[in-house]
Amino acid sequence: MLRPIIASSVLGAVVGSVLAAGVLFARAEGTPATVTIDNFSFTPATVTVKAGTTVTWTNKDDIPHGVGATNNAFKKSPALDTDDSYTFTFTTPGTYQYFCYLHPKMVGTIVVEQ
Amino acid sequence: MSEFDNRDGINRRKVLECMTWCGTGVLWTIAGGVPHSLGIMGEAQAAETRSLSFLQISDSHVGFDKPANPNALGTLEEAITKVNALPQKPAFMIHTGDISHLSKEKEFDDADHIISQSRLDVHYVPGEHDLIDADQGKIYRERYGKAAKGAGWYSFDANGVHFIGLVNVVNLQAGGLGNLGAEQLEWLENDVKGRSASSPIVLFAHIPLWTVYQDWGWGTQDGAQALSYLKKFGSVTVLNGHIHQVMQKVEGNVTFHTARSTAFPQPAPGTAPSPGPLKVPDDQLRKMLGIANVTFKQNEQRLAIIDSPLQA
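Chain order of the listed sequences is Z and P.
So for the first sequence, this note's numbering puts the first residue at 1; every next one is plus one.
So for the second sequence, this note's numbering puts the first residue at 1001; every next one is plus one.
Keep in mind that a hint or two might mislead.
Stated by the list, open to error - Lysine-lysine pairs mimicking BS3-like chemistry, simulated, CA-CA at most 25 Å apart:
hint, chain 1, residue 1, chain 2, residue 2
1, Z, Lys76, Z, Lys105
2, P, Lys1249, P, Lys1231
3, P, Lys1106, P, Lys1138
4, Z, Lys105, P, Lys1066
5, P, Lys1287, P, Lys1089
6, P, Lys1138, P, Lys1149
7, P, Lys1249, P, Lys1287
8, Z, Lys60, P, Lys1279
9, P, Lys1249, P, Lys1232
10, Z, Lys60, P, Lys1249
11, P, Lys1104, Z, Lys60
12, P, Lys1138, P, Lys1104
13, Z, Lys75, P, Lys1249
14, Z, Lys105, P, Lys1231
15, Z, Lys76, Z, Lys50
16, P, Lys1146, P, Lys1106
17, Z, Lys105, Z, Lys60
18, P, Lys1279, Z, Lys75
19, P, Lys1104, P, Lys1146
20, P, Lys1138, Z, Lys76
21, P, Lys1231, P, Lys1193
22, Z, Lys76, Z, Lys60
23, Z, Lys105, Z, Lys75
24, P, Lys1066, P, Lys1249
25, Z, Lys76, P, Lys1104
26, Z, Lys60, P, Lys1106
27, P, Lys1287, Z, Lys105
Hints listed in this document are in silico derivations from the structure and should not be mistaken for laboratory results.
The structure displayed is predicted, hence computed values, not measured ones.
Just chain Z, with the same shape it has in the complex:
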């Protein structure tokens, strides 16, 4: 009766270590962040990440949207149809303001820290 429990504990520990390693690795590079586009808004509106982090925007609306940075501070996305995603990796610390270039009332901010 004990054996399966021990086995699963060992397995759990192994999985735990792998996950922990993964988290440590991700932290070093910046945990991937996601922004959902829904109801004509970016959620969360402000995302704070470490330099090197990849941010993914996913459009859940029935209408296409686009991600464009104010002053073109980062590469703008193509138009994102429903369920399309766009990723960009932020390597330089700073505050990046962006908006939907089709519906400019939609705005968001990515804060990139050292």
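Got chain Z sorted already, so can you dock chain P onto it with the hints?
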């Protein structure tokens, strides 16, 4: 000298009359001379023969296949069928943008195939959905904007009425509304500068040139600047799309009007969390795409619009 160069003629034709909305389009009639010629049958008849009718359709969103209307091409075809059934053939059609949903060649092909069945000349302005190909509007400009300036603006004359097609969906700024931009504004100012104040002006663009609802971006940042160039004109009519519903405002000499979509309705300002497509029961859709009769009473600047459904 053509009759349109006759200043007296233009004076008498400054009445703008919109006779019939048709399906998802609006049939406009611009009839001249009525106020001055009622007592003289000969002149009244002459005025009638000089009248101008045209149609507006908007927001066909060909390629849209979401629940609000899985067959946007089908409803466009229904609209064109209505156009073809009109007792009085319009002189031409204007399309106030969002021809396509995603600026794909096939979407434009499909739209052109259906719209060409009207056998009418069509004057287009782009919506934001028409400029989202990889080259940011190259497909649109090659198809519809070859004779246009800049991002696709132009003007033309018909029966003494000056038509101006503007583009307010380019270079949109964070947090802002529709945008015409300095270059287009300068062109507009010059385009109308030498014209007689009695010449009726019809201005058309995709996003409303007046602020319908700021929170949803339903307006044009520099729309007031554009209208400032038109102050001297006795009759200015502004026709827009974008908001997929009929809205009207009259301000002084200017009548603002938005047309319905041929594809799907959008919510009334502030009545939903976002301006996204409004899903209505299937048997309600064509009521939302409905029709309206618009008339202009002589000696009044106000256009009277009577809405009625495409499908009762």
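- Task: Given the hint that Lys105 (chain Z) pairs with Lys60 (chain Z), test it: the Cα-Cα distance must not exceed 25 Å.
- Result: Holds, because 17 Å separates the two Cα atoms, which is no more than 25 Å.
- Message: Check the hint pairing Lys1287 (chain P) with Lys105 (chain Z) against an upper bound of 25 Å on the C-alpha distance.
- Response: Violated, at about 29 Å.
- Message: Tell me if the straight-line CA distance from Lys1104 (chain P) to Lys60 (chain Z) falls inside 25 Å.
- Response: 20 Å, holds
- Query: If you draw a straight line from the CA of Lys1104 (chain P) to the CA of Lys1146 (chain P), is it 25 Å or shorter?
  - Reply: Holds, at about 18 Å.
- Are the Cα positions of Lys105 (chain Z) and Lys75 (chain Z) separated by 25 Å at most? Roughly 19 Å separates the two Cα atoms, so the pair holds.
- Message: Check the hint pairing Lys1138 (chain P) with Lys1104 (chain P) against an upper bound of 25 Å on the C-alpha distance.
- Response: 11 Å, holds
- Is Lys1279 (chain P) close enough to Lys75 (chain Z), meaning Cα to Cα at most 25 Å? Between Lys1279 (chain P) and Lys75 (chain Z) the Cα gap is close to 34 Å, so the pair fails against 25 Å, i.e. violated.
- Message: Between the alpha carbons of Lys1249 (chain P) and Lys1232 (chain P), is the straight-line distance 25 Å or under?
- Response: 19 Å, holds
- Query: Can the restraint linking Lys105 (chain Z) and Lys1231 (chain P) be considered satisfied, given a maximum Cα separation of 25 Å?
  - Reply: Violated. Lys105 (chain Z) to Lys1231 (chain P) sits at ~29 Å, over the 25 Å cutoff.
- Message: Run the distance test for Lys1249 (chain P) versus Lys1231 (chain P): straight-line Cα separation, threshold 25 Å.
- Response: 16 Å, holds
- Item | 25 Å Cα cutoff - pair Lys1138 (chain P), Lys76 (chain Z) | Distance of about 18 Å is within 25 Å: holds.
- Mind checking the alpha carbons of Lys60 (chain Z) and Lys1106 (chain P) for me, to see if they're no more than 25 Å apart? Satisfied, since the Cα-Cα distance of roughly 24 Å is no more than 25 Å.
Going through the hint list in order, the structure does not satisfy hints 10, 13, 14, 18, 24 and 27.
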